[in-house]
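Undergrad: Residue numbers (the numbering used here), protein chains in the order written: chain Z, 1 to 300; chain C, 1 to 288.
The reader is advised that the hints may include incorrect statements.
Said to hold, decoys possible - Here are the computed distance ranges between Cβ atoms for each label pair:
1) Z:F139 to C:F183: 57 to 63 angstroms
2) Z:V45 to C:P97: 40 to 46 angstroms
3) Z:K182 to C:S50: 22 to 28 angstroms
4) C:H241 to Z:K115: 26 to 32 angstroms
5) C:K155 to Z:A70: 53 to 59 angstroms
6) Z:F139 to C:H241: 57 to 63 angstroms
7) C:S50 to Z:F139: 33 to 39 angstroms
8) Z:S24 to C:K56: 36 to 42 angstroms
9) C:E65 to Z:L104: 53 to 59 angstroms
Stated by the list, open to error - Taking lysine-lysine pairs in the BS3-like style, the calculated list, with each CA pair at most 30 angstroms apart, reads:
10) C:K56 to Z:K182
11) C:K175 to C:K218
12) C:K67 to C:K154
13) C:K218 to Z:K182
14) Z:K205 to C:K162
15) C:K175 to Z:K205
16) C:K162 to C:K221
17) C:K154 to Z:K182
18) C:K221 to Z:K182
19) Z:K205 to C:K148
20) Z:K182 to C:K269
21) C:K269 to C:K221
22) C:K67 to C:K218
23) C:K155 to Z:K205
24) C:K154 to Z:K205
25) Z:K182 to C:K148
26) Z:K115 to C:K247
27) Z:K182 to C:K204
Since the hints were derived computationally from the structure, they do not count as laboratory data.
Bear in mind that the values here come from a model prediction, so they are computed numbers and not experimental data.
For every residue, glycine included, the Cβ atom is placed at its ideal position computed from N, Cα and C.
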Amino acid sequence: MDTRADSGVSEVSIQTMPSYEMHSYRRKVKSIAVWSISFAALAFVMFIILDILLSVISKGVPGLSLKLFATQTSGIAGGLQNAILGTLMLIVISSLISAPLGVLAGIYISLFAPKRFGAVIRFISEVLAGIPSIVIGYFGYMVMVLQWGMGFSALAGGISLSIIILPYIVRTTDASFRQIPKSYLEGAIALGMTPFMATRTVLLKLATPGVLTGILLAVSIALGETAPLIYTAGWSNFDPNLQLIKNPVAYLTYVVWTYLNEPYNAAHQLAYTAALLLVAIVLVLHLLVRLLQRGSIKHA
Amino acid sequence: MTNDTVALDDSVHLTESELLELEAVLTGGIHLKKTAESAKETVIRVENLSAYFGHKQVLQNLQLEIKDQEITALIGPSGCGKTTFLRTLNRMSHTVPGFRHEGVVSVLGRDVSEVRDVESFRRAVGMLFQRPNPFPMSIIDNLTLALKLFGVSKKERIEIAKDKLNEVGLYEDLKDRLHQSPFALSGGQQQRLCLARALAVQPKVLLLDEPASALDPKSTKLLEDLFVRLAEHMTIVIVTHNLAQAKRIAKRTAFMEAGEIVEFELTDKLFYHPQDPRTRVYVEEQIG
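Construct all of the structure, not just a fragment, from the sequences and the given hints.
TA: In structure tokens:
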């Protein structure tokens, strides 16, 4: 009996040990394989980003000069002052329109809208975000440029951009208000504040970093748009002025898009430098976003 | 007392305990105590209260009266409707979509379903939550924000804030850091700050939703002492899972189960001589 018992025990150990080792061996191989694939994917993405950055920097930097910021484009050469100012103007117009609308809409659907209605608005907003920007450009052209008689103008371009970025602002505002624990709203309401007072004083304070982040990201999206502006903003060799309609306006992405197709070195140089400026502005915006987010973590 | 007069007319039907009570009334001892009791005003009167979230009934035919200058505890298993009931008293339940109630809930002489100016009603019926929820602003702003919105002058606001901090025993600790963030305070201090904030708008009724469940024993004791002191001039209703807490501070206790009030009695009586078997099981299991 004793020997039997002994052999039984050893049998068990012989049976389980190798399969256990096999498992851990297989697991190790799997783990290494998956890690390698992930790393390769990361390296690939990094390579693309670095390639873009390096080529934009190496080709764009030679064109940087004070003259670039101080003179307007003439023909295929000159500076980019008109395009830089035009881009800023379009950004300001589109933010002035979409930031208040988007933030208020986001607050409404996150805090006040009936559940189902909120879901419908969220869905519509998502669909709006998915519409190709050229379609919105075409819509702007038909409705604003032609029908409303705005002509190619800063206002038509700015409104088109604001339609494009509106859903992003709605979404980020909605998300940052929904993240706030209910206890803050309840605490404020229990003190006898109206929901509006509570939102304005307590909740807005908590949501501000998220909301600003959303607006900055939306601005960086607007910066990169070309298609809707071609249909609505036109192009001008002169600095923008306060005449918002029937007055075409220049912008940086137009320079990138058009001047690369010109058979002149000077034009190519302008295009690369404009691309460099766009990348630099987007980079600065994203750094700002990071700072804001760090600030919000400290606060909570 | 009306029962007693009826009983005198038809004394044959008196039970033994009623006779004993009658004797006591006649000899004066309990008589005096009882009149003192009934002189206390009923601040919260609930009649046939049923409440629903959508189609789900969460409260069934609640019936109780809560008197001024007393602490009333609501105990019962999780999900029995204690918190919903508490939040119905200051119309917080009504902010949840799909909530509706039937029956009469009268607080400070006003029927909650007919309150038009909800904001000033909620100022009169303050609330303290399970977890401390200071606002993301300085300690002093936490205390004065609501007052500022209601148009109280700055000088007065600061005075009230200091007064209330003093009342909750925080002033000495915090007087040099009034402009700092409340999030650096301990949980107990935060909860007392929230209490001071609730008191700053001068409520007459205070609703406490498991106010000490997230706190250590020492902070809990501090809060309980505060509640007892506050109850000298206001009405307090506390929801608690801590039966010892109810025993320590509550004059009366209601035991709820499955959306019903099973028993509502003087605390000692409810814990040591429960009438309903369900109460007995709950109370004894919790203690044993």
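Undergrad: Next, verify each hint and record whether it holds.
TA: For each hint, the structure was consulted:
Roughly 48 angstroms separates the CB atoms of F139 (chain Z) and F183 (chain C), a value that falls outside the hinted 57 to 63 angstroms. Between V45 (chain Z) and P97 (chain C) the beta carbon distance is about 44 angstroms. The supplied range of 40 to 46 angstroms therefore holds. For K182 (chain Z) and S50 (chain C), the hinted distance range of 22 to 28 angstroms is satisfied, since their beta carbons lie about 25 angstroms from each other. For H241 (chain C) paired with K115 (chain Z), a C-beta distance near 30 angstroms keeps the hint of 26 to 32 angstroms intact.
A C-beta distance of roughly 56 angstroms is found between K155 (chain C) and A70 (chain Z), which places it inside the suggested range of 53 to 59 angstroms. Range check, F139 (chain Z) to H241 (chain C): about 59 angstroms between beta-carbon atoms, so the 57 to 63 angstroms window is met. Restraint check, S50 (chain C) to F139 (chain Z): a C-beta distance of roughly 54 angstroms breaks the suggested window 33 to 39 angstroms. For the pair S24 (chain Z) and K56 (chain C), the beta carbons lie near 51 angstroms from each other, so the given range of 36 to 42 angstroms is not met.
For E65 (chain C) paired with L104 (chain Z), a C-beta distance near 45 angstroms fails the hint of 53 to 59 angstroms. A hinted pair counts as satisfied when its Cα atoms are at most 30 angstroms apart, and K56 (chain C) with K182 (chain Z) qualifies at roughly 22 angstroms. As the CA atoms of K175 (chain C) and K218 (chain C) are separated by approximately 22 angstroms, the hinted pair is consistent with the 30 angstroms bound. Between K67 (chain C) and K154 (chain C) the alpha-carbon distance is near 35 angstroms, which puts this suggested pair outside the 30 angstroms criterion.
Annotation: proposed proximity of K218 (chain C) to K182 (chain Z) holds, straight-line Cα distance about 28 angstroms (limit 30 angstroms). A distance of roughly 24 angstroms separates the Cα atoms of K205 (chain Z) and K162 (chain C); the hinted pair therefore holds under the 30 angstroms criterion. Restraint check for K175 (chain C) and K205 (chain Z): satisfied, since their Cα atoms lie roughly 24 angstroms apart, inside the 30 angstroms limit. As the CA atoms of K162 (chain C) and K221 (chain C) are separated by approximately 22 angstroms, the hinted pair is consistent with the 30 angstroms bound.
The hinted pair formed by K154 (chain C) and K182 (chain Z) meets the criterion: a straight-line CA distance of about 29 angstroms does not exceed 30 angstroms. A threshold of 30 angstroms between alpha carbons decides the hint, and for K221 (chain C) with K182 (chain Z) the separation of about 27 angstroms falls inside it, so the pair holds. Between the alpha carbons of K205 (chain Z) and K148 (chain C) the distance comes to roughly 17 angstroms, so the proposed pair stays at or under 30 angstroms and holds. Between K182 (chain Z) and K269 (chain C) the alpha-carbon distance is near 38 angstroms, which puts this suggested pair outside the 30 angstroms criterion.
Taking the CA atoms of K269 (chain C) and K221 (chain C), the gap is near 23 angstroms; set against the 30 angstroms cutoff, the hint holds. Between K67 (chain C) and K218 (chain C) the alpha-carbon distance is near 29 angstroms, which keeps this suggested pair within the 30 angstroms criterion. Taking the CA atoms of K155 (chain C) and K205 (chain Z), the gap is near 24 angstroms; set against the 30 angstroms cutoff, the hint holds. Of the supplied pair hints, the one linking K154 (chain C) and K205 (chain Z) holds, its CA atoms being roughly 21 angstroms apart against a limit of 30 angstroms.
About 22 angstroms separates the Cα atoms of K182 (chain Z) and K148 (chain C), which keeps this hinted pair within 30 angstroms; it holds. Straight-line distance between C-alpha atoms of K115 (chain Z) and K247 (chain C) comes to about 42 angstroms, which puts the hinted pair past the 30 angstroms bound. Using a Cα cut-off of 30 angstroms, the hinted pair K182 (chain Z) and K204 (chain C) holds, with the two alpha carbons roughly 25 angstroms apart.
Comparing the model with each earlier hint shows violations of hints 1, 7, 8, 9, 12, 20, 26; every other hint is respected.
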